[in-house]
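Asks: Here the protein sequences line up with chains G and S, keeping their order.
Each residue of the first sequence is one higher than the last, beginning at 1 in the working numbering.
Each residue of the second sequence is one higher than the last, beginning at 1001 in the working numbering.
Please keep in mind that the hints were generated in silico from the structure rather than gathered at the bench.
Keep in mind the model is a prediction, meaning the values are calculated, not measured.
Just so you know, even glycine gets a beta-carbon here, dropped at the ideal spot from N, CA and C.
Heads up, some of the hints might be wrong.
List time: in silico DSS-like cross-link candidates among lysine-lysine, alpha-carbon distance up to 30 angstroms [what the hints assert, rightly or not]:
1) Lys492(G) to Lys1063(S)
2) Lys1063(S) to Lys430(G)
3) Lys1063(S) to Lys161(G)
4) Lys430(G) to Lys161(G)
5) Lys430(G) to Lys492(G)
6) Lys161(G) to Lys492(G)
Simulated restraints, written as ranges between beta carbons of each label pair [what the hints assert, rightly or not]:
7) Leu181(G) to Ala1075(S): 34 to 40 angstroms
8) Thr1024(S) to Gly193(G): 51 to 57 angstroms
9) Thr1068(S) to Leu480(G): 28 to 34 angstroms
10) Thr351(G) to Arg1113(S): 51 to 57 angstroms
Covered by chain G, according to a simulated footprint, are these stretches of chain S (three or more residues, beta-carbon under 8 angstroms) [claimed, not checked]:
11) 1030–1036
12) 1047–1056
13) 1099–1106
14) 1134–1145
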Amino acid sequence: MDIFTGLATVLSDPILLGWVFLAAIVGMIVGAILGLTASAAIAMLLPLTFYMEPLPALAFLYVIGKSGRYGGSIAAILFNTPGTAASAATQLDGYPLAQQGKAGKAMKVATISSVIGDFTGEILLIIGVAWIAAIALKLGPPELFAVYFAAFIVIGSVIGKSVTRGLASAAFGILVSMIGLDPISSTERFTFGNFDLTNGISLVPLMIGIFVLGEVFSQIEERGAKTQMVPADKNDAARNGLTWAEYKPCIPHVIRSSFIGSFIGMLPGLGSAIAAFVAYGEGKRRAANPDDWGNGALEGIAAPEAANNAVSGPSMAPLLTLGIPGSTIGAILIGVFLIHGIQIGPTMFLTSRDLVFALFACGLIGIVMYGVIGYYGAAFVGRFITRIPTQVLYPIIFLTSFVAAYTSRGNLFDVYVMVAAGFLGWGMRKLHFNPAAFVISFVLARGAEETFRQSLLLSDNGLMIFVTRPIALVFLLIGLAAMFARVRSLNKQARAAALKDA
Amino acid sequence: MSTQAAPAARGVGVALILIGIGATVTSLSIDLDQYGRWGARYFPLGGSITLVVLGLLELRGAKVSAPTDRRHLPAIGALLILSLAYIWSISAFGYLVSTALAAPAALWIFGVRNPIGLLAAGVLCPAIYHGIFFVALGVFPPLGQYFDLLDVIGGY
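Make a model of the complete structure from these sequences and hints.
Replies: So this is what it looks like as structure tokens:
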């Protein structure tokens, strides 16, 4: 019932609706611009939201995340380059359809499927989140540490191209978060006598550096590359309507993929790209027309789009119930919660219940808004993006990142941190490290350390407490199993590739 | 542990080991708590040793990889130098003058050569950013240590 109160709150506030509408448009454009992601936009806009009320601030960034995931499909279909990693699977069938002059049809399928997937994820979140929070309240420090441990391992090993470099990224994130004063004993750690470092590294400039400035560095390598849309001809309008008969075969794929995306979304760190590819693979396996997939099958767009958007809602579940961000967007939203003095975790459903459900309501309204805008205006957004000169856009983003990093605490040291993080982010991408694992681990490390040390106090310094408590043991094993499964799968792929080459 | 040879495996492996060793030594110098317990050292040590182990694994699995593309390194180096110079210049000469210089420089690095465009960026960028962040949002601007245009034009 809380969600209806939330909906009433949001619908009766035109300014809040205005923010949600703006977020739907900004997210769609940002998601469709090559190289820019919703995470980058959210990190850059984060300092602006410090001056807003908590609900509009959270709603604005949350809806940008949702709409940005959808916006990636516009670039995948029209430019043959996914705007976000999550829409890479959409490109497989989206671009062939665009080449057949059916880009409009493909985008309508992507829009409807994204909306259904996102709604499914959001409703599952609304139904399940308070329930998970109630369970989370019963977990003690050893169980929570085991959840953190599993999250580190899964985030480090499952996403990215290299397990060792993914795990190293997570370890770097832990080490960087240790800089400053130890919260329990106030001992200096990794400060090297520098006064600025005693305050620790702030999350906001770190994220702006990794996601925004790092991308600007990467885009230098793309200088001069022009975004080109698939040319349209006169007969395209006739081919671009979408009938019920055409969409009907997509529905089983959309439903299945929505649940796949929702499930994957609940697991910390996996994200929408993995959900989209799992849904695509599963859809193709079960399809009546598997040979058409990859050559312009509408179902091949519906499945990944439903899955990658279904991730959005459930990825908030670990953040809101355990304080563990399930995605980079979740990690960024932690900054907003903290700045507004809202303690995230299971107690949030006792202290800020109205805010949480109003945020979910904003999510639902945001889905409707980007759905309507996308259905009727995706082609316009595509044309608009081709007119944005990237050699002007990225210098503007470059300058904005400096002022945004400064704004967070009014401190030039943070701007140095942002530049260092930007260069590090570029280097990490270049060397196949995992910037998302780095940032999420940075966010998780303090909580993990706190629960680890509390557990040691409980057990009088005995590590066996993590093994003798069954829930803790299960989570530790889940983490290790995920890592071994990933190593096995990569080795299998490497062997298959070697055999193919031979 | 990847399907394709990750770039610079040996270099990355050695770097991870060296950083890990350095962090381990630094972690061991973290003070113990008043009861002589290692509480504040556990996580820094855990992270550092993990890096050493991962560095060794990286070296063990090192394959010959394609050379990394170095064509854009001068431009990336230029942008990094501009970034550091921009921050130093903000602390020395304030936000307005520094941004008036940094905006055309950034555009130049990205390939913009139109003199009117560069000049316009030098004027408009500081004015717009100053208006949004330091006037509309009320953030206190970073003032220059040696000179600040805000002193000349009369506050913000």
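Asks: Decide, hint by hint, whether the structure agrees.
Replies: Results for each hint:
Simply put, Lys492(G) and Lys1063(S) have alpha-carbon atoms about 16 angstroms apart, close enough for the 30 angstroms limit, and the pair holds. With a C-alpha separation of about 17 angstroms, the suggested pair Lys1063(S) and Lys430(G) falls inside the 30 angstroms cut-off, and the hint holds. Our distance criterion of 30 angstroms between C-alpha atoms is met by Lys1063(S) and Lys161(G), whose separation comes to about 15 angstroms. In summary, the hint linking Lys430(G) to Lys161(G) is supported, as the alpha carbons are separated by about 12 angstroms, within the 30 angstroms threshold.
Pair hint Lys430(G) plus Lys492(G) holds up; C-alpha atoms about 24 angstroms apart against a cutoff of 30 angstroms. The hinted pair formed by Lys161(G) and Lys492(G) meets the criterion: a straight-line CA distance of about 14 angstroms does not exceed 30 angstroms. A beta carbon spacing of about 39 angstroms between Leu181(G) and Ala1075(S) agrees with the range 34 to 40 angstroms that was offered as a hint. Range check, Thr1024(S) to Gly193(G): about 19 angstroms between beta-carbon atoms, so the 51 to 57 angstroms window is missed.
Separation of Thr1068(S) from Leu480(G) is about 33 angstroms and conforms to the stated range, judged on CB atoms against 28 to 34 angstroms. Separated by about 56 angstroms at the C-beta atoms, Thr351(G) and Arg1113(S) satisfy the suggested range of 51 to 57 angstroms. For a cut-off of 8 angstroms, the count of residues in the stretch 1030–1036 of chain S with a CB near a CB of chain G stands at 4, and the three-residue condition holds. Taking a C-beta to C-beta cut-off of 8 angstroms, the stretch 1047–1056 of chain S contributes 6 residues in contact with chain G, enough for the three needed, and the coverage statement holds.
With 4 residues having a beta carbon nearer than 8 angstroms to a beta carbon of chain G, the stretch 1099–1106 of chain S meets the requirement of three or more and the stated coverage holds. For the stretch 1134–1145 of chain S, the proposed coverage by chain G is satisfied: 5 residues have a C-beta within less than 8 angstroms of a C-beta in that chain, meeting the threshold of three.
Going down the numbered hints, you'll see the structure goes against just number 8.
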